[in-house]
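Protein chains: 2
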Amino acid sequence: MPDAYLVGAGQSDYGAFPDESYRSLFRTAFEAAAESVPEGFDKDAVDEAFIGTLGVGGRQLGLSGPAVTEHVGLDGVPCTRVENACAASGFAVRQAVQAVKSGMADVVLAGGFEVMSDMSSDATKYWLGVSGETEWERLSGTTFSGVYAQMASAHMDRYGTTGEQLSRVAVKNHANGAKNPHAQLGFECSLDDAQSAPMVADPLNLYHCCPTSDGAACALVVSEAVVDDYTDDPIRVAGVGAGSDNVGLFDRETYTAVPASQRAAERAYEMAGIEPTDLDFAEVHDCFAIAELLAYEDLGFCERGESGSFIESGATELDGELPVNTSGGLKSKGHPIGATGAGQVVEAFKQLSGKAGDRQVDSPHRGLTHNVGGSGGAAIVHVFEKEQEVSAP
Amino acid sequence: MPDAYLVGAGQSDYGAFPDESYRSLFRTAFEAAAESVPEGFDKDAVDEAFIGTLGVGGRQLGLSGPAVTEHVGLDGVPCTRVENACAASGFAVRQAVQAVKSGMADVVLAGGFEVMSDMSSDATKYWLGVSGETEWERLSGTTFSGVYAQMASAHMDRYGTTGEQLSRVAVKNHANGAKNPHAQLGFECSLDDAQSAPMVADPLNLYHCCPTSDGAACALVVSEAVVDDYTDDPIRVAGVGAGSDNVGLFDRETYTAVPASQRAAERAYEMAGIEPTDLDFAEVHDCFAIAELLAYEDLGFCERGESGSFIESGATELDGELPVNTSGGLKSKGHPIGATGAGQVVEAFKQLSGKAGDRQVDSPHRGLTHNVGGSGGAAIVHVFEKEQEVSAP
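If you read the protein sequences in the order shown, they are chains A and B.
The first sequence maps to residues 1 to 393 in the UniProt record's numbering.
The second sequence maps to residues 1 to 393 in the UniProt record's numbering.
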């Protein structure tokens, strides 16, 4: 199985941009990705593209992949839209890896985008609901925060997880996001701020929920045959794992774990030949604070039920043993659905390239990204690994 | 690059099925595909799934891939929804081939589905419009038949193609579809019927347009390592080619060709090492009669501008030199958007397995499928080839 390499990645700012379109945001991300390639990048080299977007708003619905690749001048390049709800572009990155490993492409663009700020809050509520199950969740009135609130309640009930532990996810991620110029909510918040926020879906308050966002992100994946043209310091896609599950939470075997994430992580670790303790940082899917805690357990960062005390220990802070969501995560950096998975890869690329600025982890060698579709109907995990020893940033 | 093989394919009936759901139709297709595998098939062997659907109707919108694979019991299997408008499941089949060639999977399900009959004709008009460009086509009132009508008008103006030649596409495809028990419009039509039908979008009349359909189709693609477990008579995926283009017709370099199809065909022929004359049959994308004529030219079956006389010659009839749309095509078999590409592969599988009943082509060795997204924003071509010499059916 030939190796695939990450040679560039970039994103737009995340936020609300009434003067931008999905195409202009995508162009910004594509250009940032191209500019990030150490030895330079010519778009004519792109053999193929995979674009993630949920895209059920009022704009281009069918063929939204080719609609953005044509806008950045990738004329005639095969382009496929990939959609697995909030994991859309995480899966797009996976398809790029498969395309390279298949021998059918040497240079592949994986990206994603979403524009959400131009909809009313009711429309957004409806729209996000489409990532849940239709008949028994969305159409019966369960909001997406409501789905995750059920998971949080179950975890609190079973393991004694507290609201304060949920709030610590927000405090940590805002502290990181305040160091990320692309972050939508790039400000710090205190534990008191996070604890006293208005309730959204009990037990999840406003600081336990990510914002709705506009944004785009792109990653460039190449084959072993051409990687030397793009960098002297390659980042290998060491592991890829995907999993799925019943789309409806009510239909799943457990409320206190995300089995799709567990399956994805097991497969990625096996392919990379590593254990969770071999990781130097991770970007995990924290659409709601409980999702980050579940990820700690599902990805093997701590034992089942112990994520609350794990975050309290400071282990996942920027200077902890395993920094998580150094970008600010979905909570602070933002969550433009289709862009999120590729945006996590942008952070992994920056960290492994020593270009994460004030939030740089000390000499990372290996990092993980974890992207979840819906409440766990699909999940995707990547492990990225520097080929060479890293000098201190 | 390791080879990929088609070992099974099956579909539901195409039509209007108010008593079925997208899930039940998908199950029918999946079970038919599993049953078609010569040496038997166990669903537990499936490593991965790719599901095509446009799916902008009122049902499961996000995660609609995992929503159908969970329904057929593929618990935890990585599943990715693929969408390139009407080419959704053609691209899903391509992803299955890439997954196998990448070495990341041995047994891959590629399928698709759509339910369209439960919408009003206005909703359907809107819905199909999403496969065109948004701002300058759909939102400015251009229907999808209107887009293809412009292509037909341009072809008639430039090459002298006639309405009667368009009607011959319908006559041929209905003659074939009348022999296909899965066909939605499984009846013959005379040239007079086709010529005297009411106008839809001048010059395209009702018989120049495919119906809206409910349906699902599935194909099973496996690696060289396991193919012998499934069949003694393998069908190799000899060529795969994809292409894209500007999504809006008005933005494209020509109205009298589909450049994405040309690019896809060139790549597929090159990979297969064949010429169009090496084909024994083809399933092409005839959403409108002009689309089939354009396909003859784009795929190199005849010279540019000569598709009208090519169909008049009888070359593409069931007993012609290159039978086209033996299944009945989109026109007679039906066009449940997300199912169509995989449904074409079902016909290729049946023909190459000698199981196409009354529409069986004489001892075919090699066949092509051609699936177009929108009016040509994306296109995908596959070439399937029997490994062994074929005995007469």
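What the hints contain is simulated information worked out from the structure, not anything from laboratory work.
A few of these clues could be false.
To be verified - Across the chosen pairs, the derived CB separations fall in these ranges: (1) Glu253/A - Glu135/B: 40 to 50 Å; (2) Thr124/B - Met119/A: 19 to 29 Å; (3) Pro18/B - Gly300/A: 41 to 51 Å; (4) Asp278/A - Arg304/B: 51 to 61 Å; (5) Ala45/A - Glu135/B: 23 to 33 Å; (6) Met1/A - Arg304/B: 34 to 44 Å.
Where is the CB? At the ideal position from N, CA and C, for every residue including glycine.
Here is how each hint holds up against the structure:
1. Glu253/A - Glu135/B: 40 to 50 Å: holds, 45 Å
2. Thr124/B - Met119/A: 19 to 29 Å: The hinted range 19 to 29 Å holds for threonine 124/B and methionine 119/A, with Cβ atoms some 24 Å apart.
3. Pro18/B - Gly300/A: 41 to 51 Å: Taking Cβ atoms as reference, proline 18/B and glycine 300/A lie about 48 Å apart, which means the hint holds.
4. Asp278/A - Arg304/B: 51 to 61 Å: holds, 58 Å
5. Ala45/A - Glu135/B: 23 to 33 Å: holds, 30 Å
6. Met1/A - Arg304/B: 34 to 44 Å: For methionine 1/A and arginine 304/B the Cβ distance comes to about 42 Å; the hint holds.
Of the hints listed earlier, there is not a single one the structure fails to meet.
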